[in-house]
Amino acid sequence: MQSTENIKKKNDYLNKNSFDIVGVEDDFQEISRPRVSYYKDAWRRFKQNKVALFALFILFALIIFVVVPPILSSTTFNQIDKLSRNLKPCSDHLFGTDKLGRDLLLRVAVGGRVSIVIGIAGAFITSILGCIYGGISAYFGGRVDDIMMRIVEILICIPYLIIVILMSLILKSESIGTLILAMTITGWCGVARLVRGQILQIKSEEYILAAKAMGVSSFRIVTKYMIPNVIGIVIVQITFAIPGYIFGEAFLSYIGLGIQSPGTSWGALASSAQPMLAYHPYQLFFPSLMIALTMLSFTLVGDGLRDALDPKMRK
Amino acid sequence: MKKYIFKRCLYMVFTLFIVITITFFLMKAVPGDPLTKMAKNLPEQTKANFYAKYDLDKPVFNQYIKYMGNLVHLDLGESVVYAGRSISETISTTSLVSASVGSIALVIGMTIGIVLGIVAALKKNRWPDYIVMIIAILGITIPVFVLASLFQYVFAVKMNVLPASGWGEARHFVLPIIVLGFGPIATYSRYLKSSMLDTLDQDYILTARAKGLSERKIISKHVLKNSIIPVVTIFASSVVGIFTGAFIIERMFSIPGIGFYFIDSVNNNDYTMILGTTIFYAALFIVMQLLVDIVYVIIDPRIKSSIMK
Chain X
1 MQSTENIKKK NDYLNKNSFD IVGVEDDFQE ISRPRVSYYK DAWRRFKQNK VALFALFILF
61 ALIIFVVVPP ILSSTTFNQI DKLSRNLKPC SDHLFGTDKL GRDLLLRVAV GGRVSIVIGI
121 AGAFITSILG CIYGGISAYF GGRVDDIMMR IVEILICIPY LIIVILMSLI LKSESIGTLI
181 LAMTITGWCG VARLVRGQIL QIKSEEYILA AKAMGVSSFR IVTKYMIPNV IGIVIVQITF
241 AIPGYIFGEA FLSYIGLGIQ SPGTSWGALA SSAQPMLAYH PYQLFFPSLM IALTMLSFTL
301 VGDGLRDALD PKMRK
Chain L
1 MKKYIFKRCL YMVFTLFIVI TITFFLMKAV PGDPLTKMAK NLPEQTKANF YAKYDLDKPV
61 FNQYIKYMGN LVHLDLGESV VYAGRSISET ISTTSLVSAS VGSIALVIGM TIGIVLGIVA
121 ALKKNRWPDY IVMIIAILGI TIPVFVLASL FQYVFAVKMN VLPASGWGEA RHFVLPIIVL
181 GFGPIATYSR YLKSSMLDTL DQDYILTARA KGLSERKIIS KHVLKNSIIP VVTIFASSVV
241 GIFTGAFIIE RMFSIPGIGF YFIDSVNNND YTMILGTTIF YAALFIVMQL LVDIVYVIID
301 PRIKSSIMK
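As you go down the protein sequences, you meet chains X and L in turn. So the first sequence is residues 1 to 315, counted in my numbering. So the second sequence is residues 1 to 309, counted in my numbering.
Okay, chain X solo, but in the shape it has when bound (with noise of 0.2 Å):
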């Protein structure tokens, strides 16, 4: 009896006025500046790299060019013309013709579309298998985690460049669709174990354990922190992808295993002009700086990114 008294009058005292916090002001929460969203932010520190966003533009610039001429031809990329052969850059043909006599203005365009998409559709197909495959063997952790690495290992060992040979042996790739399938079949290897690596590193941080400690969902915690703090790498590793695709494309189809007749790209065509080099090294001039330039601009993009996209790098 006695007891349930002292309680209610402790519960008298114990109002709600009694939680209010002393010295505190209302607006001590107030954000004083605008939210920058992490994308935002990432976007204003890209912006201050100039090189990287001249080699953005660059590559817009490339793309245009690959894009435009075509349409606005009158002629097609194969039209033959025996009367213009081997034609030096002129006003009618800004690059020369082949010898064949077809505008290697509009070769270059049309080759290029064919290694950029190789590139692109490459670099994104194998981060994201790389991603899905390192995710899971992180994830799982243990004897799953085991056998998957094992697995990437023992693929690694295999030089790059012999499997995509011996891939487009079998595939007897001449086209987009196969060159891209031998190319991606063992490339998604060094992202998986990247990815890997970043997961776990992750699931030991300690925000980690204070959302796991605050009861946040498994859900929950993989979009909300995981995913967030992956993409930046694998978006790096995407642009940084890019070019090494683009080489191999134009390393396959320089030994003669690539894009077949009629169709080409710009490795097909430094290929071609490689036997002409004496007479007309502008053949080989224009594919050749295509790709550097292009394999150029998407690594400094990439270093661009890499800098852009790390918080760490925040000053």
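It should be emphasised that the hints constitute simulated quantities derived from the structure, not laboratory data. Even for Gly, the Cβ is constructed at its ideal location relative to N, Cα and C. Hints are not guaranteed to be accurate.
Claimed, not checked - Away from chain X, derived, C-beta distances all over 12 Å, residues of chain L: (1) L16; (2) Q63; (3) V157; (4) L200; (5) Y204; (6) F235; (7) S237; (8) N269.
Claimed, not checked - PhoX-like, lysine-lysine: derived pairs with alpha carbons at most 20 Å apart: (9) K88/X x K158/L; (10) K3/L x K28/L; (11) K172/X x K47/L; (12) K124/L x K50/X; (13) K217/L x K123/L; (14) K66/L x K53/L; (15) K88/X x K99/X; (16) K50/X x K40/X.
What the hints assert, rightly or not - Facing chain X, according to a computed beta carbon distance under 7 Å, are these residues of chain L, among others: (17) V19; (18) T21; (19) T141; (20) F145; (21) V146; (22) Y153; (23) Y281; (24) A282; (25) I286.
Go by the hints and put chain L onto chain X.
What follows is chain L alone, placed relative to chain X:
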């Protein structure tokens, strides 16, 4: 330590076995056989004899057992296209040619790359750094065949000082080595620079400065020693890079190396040669990887102690 090396060797043999198995069955999946590319109108008996000679008439699994049996004493079979040419012999002679060009290119490229990396790290954000980084980015982004054509055009066609292609004399070495060496210059300078910048940030460098060591001593004794360690890890991939880079280079400069024969066999469907070369490349890579790992353990005491535990 011995236990670690033994374990790694065992694991290497296992990996090699899996890789060879995968490659063997992949080669069997290549459509068409060597005969379809050559004479099409052979009499049935000739064809049958041909298939019997290379065991192509037997089930794939029996072929596999036989191939693996021969492989134990390093017999990779006989070329399908050039009758009588032993694959093992071809690989050993041609790979020596590739290795002679490749090792010079690698040593020169690595040395220049390391020196440039040191310069770039010590002169960070000043003009030497920018120049080195421009060279490194160009070295990574310009495909080897573009570089090779450029050098051929400038030095052989325009200036006429060096032969465009050929083999046998010292002057034939110059252009391929410059072109092949470009890759290592780019990767090693980039890698060493970032590794050195990492080391310069470490507390023990601060300690060394605090106790009044001369800058020279700090760089040579503390920074460089610690920065070179991670660079060792990329050695295996640069060896393979030199060999695969040679696919194109050897063809363009007509060097009778293994890359030249590999591409030749790919174009001819000479599938025993493709198989043999692939196994050679994979084995080379795996062995290099193992060597690098062992060297890494020896030179980095931190890893050594973590393995000993």
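We went through each hint and held it up to the structure:
| no. | hint | in the structure |
| --- | --- | --- |
| 1 | L16 | 8 Å, violated |
| 2 | Q63 | 17 Å, holds |
| 3 | V157 | 5 Å, violated |
| 4 | L200 | 18 Å, holds |
| 5 | Y204 | 22 Å, holds |
| 6 | F235 | 15 Å, holds |
| 7 | S237 | 9 Å, violated |
| 8 | N269 | 8 Å, violated |
| 9 | K88/X x K158/L | 18 Å, holds |
| 10 | K3/L x K28/L | 38 Å, violated |
| 11 | K172/X x K47/L | 24 Å, violated |
| 12 | K124/L x K50/X | 18 Å, holds |
| 13 | K217/L x K123/L | 17 Å, holds |
| 14 | K66/L x K53/L | 13 Å, holds |
| 15 | K88/X x K99/X | 11 Å, holds |
| 16 | K50/X x K40/X | 17 Å, holds |
| 17 | V19 | 6 Å, holds |
| 18 | T21 | 10 Å, violated |
| 19 | T141 | 4 Å, holds |
| 20 | F145 | 6 Å, holds |
| 21 | V146 | 4 Å, holds |
| 22 | Y153 | 6 Å, holds |
| 23 | Y281 | 5 Å, holds |
| 24 | A282 | 5 Å, holds |
| 25 | I286 | 5 Å, holds |
Figure legend: structure checked against the earlier numbered hints; hints not met, in rising order: 1, 3, 7, 8, 10, 11 and 18.
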